[in-house]
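Student: Given next are the chains, with one letter for each unit.
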Amino acid sequence: KQEVTQIPAALSVPEGENLVLNCSFTDSAIYNLQWFRQDPGKGLTSLLLIQSSQREQTSGRLNASLDKSSGRSTLYIAASQPGDSATYLCAGTLGGSQGNLIFGKGTKLSVKP
Amino acid sequence: DTEVTQTPKHLVMGMTNKKSLKCEQHMGHRAMYWYKQKAKKPPELMFVYSYEKLSINESVPSRFSPECPNSSLLNLHLHALQPEDSALYLCASSQDGRVYGYTFGSGTRLTVV
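Residue numbers (the numbering used here), protein chains in the order written: chain A, 56 to 168; chain B, -2 to 110.
Hints are computed from structural coordinates only; laboratory data are not their basis. Don't take each hint at face value.
What the hints assert, rightly or not - Straight line, CA to CA, 20 Å or less: simulated EDC-like cross-link-like pairs of lysine to aspartate or glutamate: (1) K6(B) to E81(B); (2) K37(B) to D94(A); (3) K33(B) to E58(A); (4) K56(A) to E55(B); (5) K97(A) to D82(B); (6) K37(B) to D139(A); (7) K35(B) to D94(A).
To be verified - Some chain A residues judged to face chain B by a derived CB distance under 8 Å, without partners named: (8) A84; (9) Y86; (10) G96; (11) G98; (12) L104; (13) Y131; (14) G154; (15) G159; (16) S165.
Computed from a prediction, not measured in an experiment: that's the story for all the values here. Beta carbons are placed, not taken as given, at the ideal position from N, Cα and C, and that holds for glycine.
Extracted from the complex, chain B is given alone in its bound form:
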C-alpha cells in the first residue's frame, strides 16, 4: 500500500458545526502533515506530527485541532469555522522527507457556509 487515504472527499459544514477530517497511511511512515490549499495558491503547512507527537504548529487558529491517535492515523477536528476556511485540506506522510520525499493524499474539499 503506497497511498495516503483521506476521507471525506467533500465536506460542507455550517459555522456552528463540529466535524473531523481523517487521514490514513499504511506505509510505516513516522511523520504526518496537514496542509491547507486555497484556490490558485500552493499548499501551506498547518501541522506536523513526528512519531505521533506534534512537532510543528504553524500558528494555526485554535478552531483547527489536530490529533494523531497512532502512527497510521491523523485527524483534523474542525469547530466554529469561518467561510474563509473553505479550502482543499491535504494530508501527507513521509518516512524522512529529507531522504525519501513526501506522499500526499487526494485531499478533502471543505466548504464552510
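Same shape as in the complex, but just chain A:
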C-alpha cells in the first residue's frame, strides 16, 4: 500500500527559530512531491513542487528537499514567523497512484511571538 507519512504531527516553536518538517513515502517510483500550506477551514496553497529528477527547490524562506533513495522529503522554514502558523501537508504523485496525489496527515505548526 502506498503511504505518505509526516512527522511530527504538531510542532510549536518560538518566533525566529529555523525548523524542519519531515515527510516519508513508500514508493520510490515517485513522479514528484508537493508541499502545501492549509490555514484553518481554507483550501490548499501550493508552496513548492519537487520533480523526481530534482534534489531541492527554494522559495523565499522555504527550502524543500527530496531523496528518492531513502523515500524522504523535508521542508525547511528559516526564521519562522507567527504568520507561518498553519498545517503543512506533504503529497506525492506516486508511481502506482494513477498519477493522483497521496497525502500525508500533515504537521500543524504553531509559531509563538
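Guided by the hints, dock chain B onto chain A, whose structure is given.
Tutor: Below, chain B without anything else, positioned relative to chain A:
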C-alpha cells in the same frame, strides 16, 4: 489566471435538499478533481475527470454526482446527504499532475443539517 475558483464558499443544506457545488479554472488544465476533507484529516479523493471524462470514482455514494460540462468547469451535485457528509469540499486541477503538480481551490464548507 492561475486560480481554481469554487462557489459557494459556505453551504448549509437539509437532508432532503438538492444543491450543487461549482468549480472553475481557466488555466487550460485538462484534469479536474473533487476531494473531501474532514476536520483534522488529509483530503480524500472522490472523483477525477480527465479530458472531460470521468476516469476515477473512488467508491463514492451515489448521493454525490459529478458533472464536467466542459474542460473549465466541474460541478458536484448533492442530493439526500447525511450529516456525516458535512466537510470541506476541495476542487483541484492539473495539466499533468506527474509533471506540473496540482492547483487547489479555496473549498466549499458544507454543513448538512
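Student: Against each hint, give a clear statement of whether it holds in the structure.
Tutor: Now for the hints, and whether the structure bears them out:
no.: 1; hint: K6(B) to E81(B); result: holds (19 Å)
no.: 2; hint: K37(B) to D94(A); result: holds (11 Å)
no.: 3; hint: K33(B) to E58(A); result: holds (18 Å)
no.: 4; hint: K56(A) to E55(B); result: holds (16 Å)
no.: 5; hint: K97(A) to D82(B); result: holds (17 Å)
no.: 6; hint: K37(B) to D139(A); result: holds (18 Å)
no.: 7; hint: K35(B) to D94(A); result: holds (14 Å)
no.: 8; hint: A84; result: violated (11 Å)
no.: 9; hint: Y86; result: holds (4 Å)
no.: 10; hint: G96; result: holds (6 Å)
no.: 11; hint: G98; result: holds (4 Å)
no.: 12; hint: L104; result: holds (4 Å)
no.: 13; hint: Y131; result: violated (19 Å)
no.: 14; hint: G154; result: holds (5 Å)
no.: 15; hint: G159; result: holds (7 Å)
no.: 16; hint: S165; result: violated (14 Å)
When held up to the earlier numbered hints, the structure conflicts with 8, 13, 16 and fits the remainder.
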